[in-house]
Amino acid sequence: MATSNKLISVQHLVKEYNNGTVKALNDCSLNIAQGEVVAIIGPSGSGKSTLLRSLNLLEVPTSGQIIFDGVNLADKSVDINLHRQKMGMVFQHFNLFPHKTVLQNITMAPLALKKKTPEEAQKQAMGLLERIGLADKANEYPNMLSGGQKQRIAIVRALAMDPEVMLFDEPTSALDPEMVGEVLDLMRSLAKDGMTMAVVTHEMGFAREVADRVVFMAEGKILEEGSPSDLFDYPKDPRLQDFLSKVL
Amino acid sequence: MWWTNLFKDMSSTSFFNFSFLPAYAGYFLQGMAYTLLLAVVSVALAVIPALLLALMRLSKRKAIQCVSGAYIAVFRSTPLLVQLSIIYFGLFNAISIPRITILGFVDLSRFIPGVVALALNSSAYVAEIFRAGILAVDKGQTEAARSLGLSSWQSMKLVVLPQAIKNVLPALANEIVTMVKESSICSMLGMAELMFVSKTVATGTYITLAPYTIAALIYFCINYPASKAIEAIERRMRRGDKQ
Chain Z
678 MATSNKLISV QHLVKEYNNG TVKALNDCSL NIAQGEVVAI IGPSGSGKST
728 LLRSLNLLEV PTSGQIIFDG VNLADKSVDI NLHRQKMGMV FQHFNLFPHK
778 TVLQNITMAP LALKKKTPEE AQKQAMGLLE RIGLADKANE YPNMLSGGQK
828 QRIAIVRALA MDPEVMLFDE PTSALDPEMV GEVLDLMRSL AKDGMTMAVV
878 THEMGFAREV ADRVVFMAEG KILEEGSPSD LFDYPKDPRL QDFLSKVL
Chain E
7 MWWTNLFKDM SSTSFFNFSF LPAYAGYFLQ GMAYTLLLAV VSVALAVIPA
57 LLLALMRLSK RKAIQCVSGA YIAVFRSTPL LVQLSIIYFG LFNAISIPRI
107 TILGFVDLSR FIPGVVALAL NSSAYVAEIF RAGILAVDKG QTEAARSLGL
157 SSWQSMKLVV LPQAIKNVLP ALANEIVTMV KESSICSMLG MAELMFVSKT
207 VATGTYITLA PYTIAALIYF CINYPASKAI EAIERRMRRG DKQ
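These protein sequence lines are chains Z and E, in that order. Under my numbering, read the first sequence as residues 678 to 925, first letter to last. Under my numbering, read the second sequence as residues 7 to 249, first letter to last.
These are computed hints drawn from the structure, not numbers from a lab. A quick note: this is a predicted structure, and the numbers were derived from the prediction, not measured. Beta carbons: idealized from backbone N, C-alpha and C, even for Gly. All clues given are correct.
The calculated DSSO-like cross-link candidates involving lysine-lysine, where the alpha carbons are at most 30 Å apart (straight line), are:
(1) Z:K800 <-> E:K163
(2) Z:K898 <-> Z:K683
(3) E:K163 <-> Z:K791
(4) Z:K814 <-> E:K163
(5) E:K163 <-> Z:K753
(6) E:K68 <-> Z:K753
(7) E:K66 <-> Z:K791
(8) Z:K700 <-> Z:K763
(9) Z:K683 <-> Z:K869
(10) Z:K814 <-> E:K172
(11) E:K172 <-> E:K66
(12) E:K145 <-> E:K68
(13) Z:K777 <-> E:K172
(14) Z:K898 <-> E:K145
(15) Z:K814 <-> E:K145
(16) Z:K792 <-> E:K145
(17) E:K68 <-> E:K163
(18) E:K163 <-> Z:K777
(19) Z:K793 <-> E:K145
(20) Z:K700 <-> E:K145
(21) E:K187 <-> E:K205
(22) E:K145 <-> Z:K791
(23) Z:K777 <-> Z:K763
(24) E:K205 <-> E:K234
(25) E:K172 <-> Z:K791
(26) E:K145 <-> Z:K763
(27) Z:K700 <-> Z:K683
(28) E:K145 <-> Z:K777
(29) Z:K700 <-> Z:K753
(30) Z:K792 <-> E:K163
(31) E:K163 <-> E:K66
(32) Z:K683 <-> Z:K791
(33) E:K66 <-> Z:K792
(34) Z:K777 <-> Z:K793
(35) E:K68 <-> E:K172
(36) Z:K763 <-> Z:K792
Pulled from the structure, derived: some chain E residues nowhere near chain Z, Cβ distances all over 10 Å:
(37) N11
(38) L87
(39) T214
I would like the entire structure built from these sequences, with the hints used as guidance.
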């Protein structure tokens, strides 16, 4: 089963709450290849976010394995902080640090973890800000920015750690409709650059257009996965058919 | 002074027989300074232990949680006067402090035990203030910091604490206001703060009530404007957060 381009391999992941009475994840297995964009869709409460947050152990799974760079992250002896540096994460509510400027938001982690010198970090941050057209906001505080700007800065904050994979947890769900586009554009351009991405999303158009593979979840299980055209045009599982009939 | 005649016919138990003031006004000011010193220094000393207690209370390890929980429980559930007495007669019986007087009226051999007792007491209350402040910082902040690879201590130090401390500053200032009042208990142990001064003047002049009226006025004139100012700052901070 060893394939060289498999970046993340999730095997039989289970997440239980309240001593097993609630199963948020019920035996989920999923592979993500280098450079692949995987969209995870499904009704709310289906476990999509739990699965994504398990990948960098923000949720600690009850059992199962998460193999990343050949290491099982679910193993308690693993230094998860080291591996998280290689997995960028973007949240629904941005979670920018309000007491730091935009520039400091981006340079904080590379500096604190001594990945870069102050000059390198600053130069990289300004480069990233220029890429998203927000270089003039470098010294502003997050509360001066729009939601779309905040989310794009949250994305480059994660990119500043030079991650191998980017995890997106409903990145556009908290945005006003007119700001969704600018965030999706940035994600699209990341995908084009070959970034490996796992995206929990309700943007079916984006999933269809950008994802290499779409995963459908319901009730803590992965019920169907495949190429966007297979999944959206020829859904097999009745629950996926039902879900698509409601959202499309 | 001309106005001392006003008090000539007043009884010694009148609320407003201030005939002692020309002789003792300076003494009252010293008492006020002593009280402010006690309050500010003891809360300042309480900050670091309180932060430690709060972090211990939020620790994942049960044993560490318990130590901090026990400390807070003991200091919050026993009277300050009892704590003061135990620390003064117990702890500082073993540690003797030389009788050095600073600023002309603060005798360190009494001031230091008093300040230590107040600080130990205050740290239990301030710890709860810090704990609430830390818990009030959105969980997403910690998650964002941890997702970047920061350790839990780095996240606490760089992301959570700076935001928590800003949130608790008004509550901390309120603790000083409380301490200004609570420190009056130190008069029982002969610390020359405002309450002690009033008692001394009342005993020395046989004017048994009015010195306490002056004390009440001074306490009020410190605390009321201070708490109003804190409220105003709190309102402004809340407005700032909404943007």
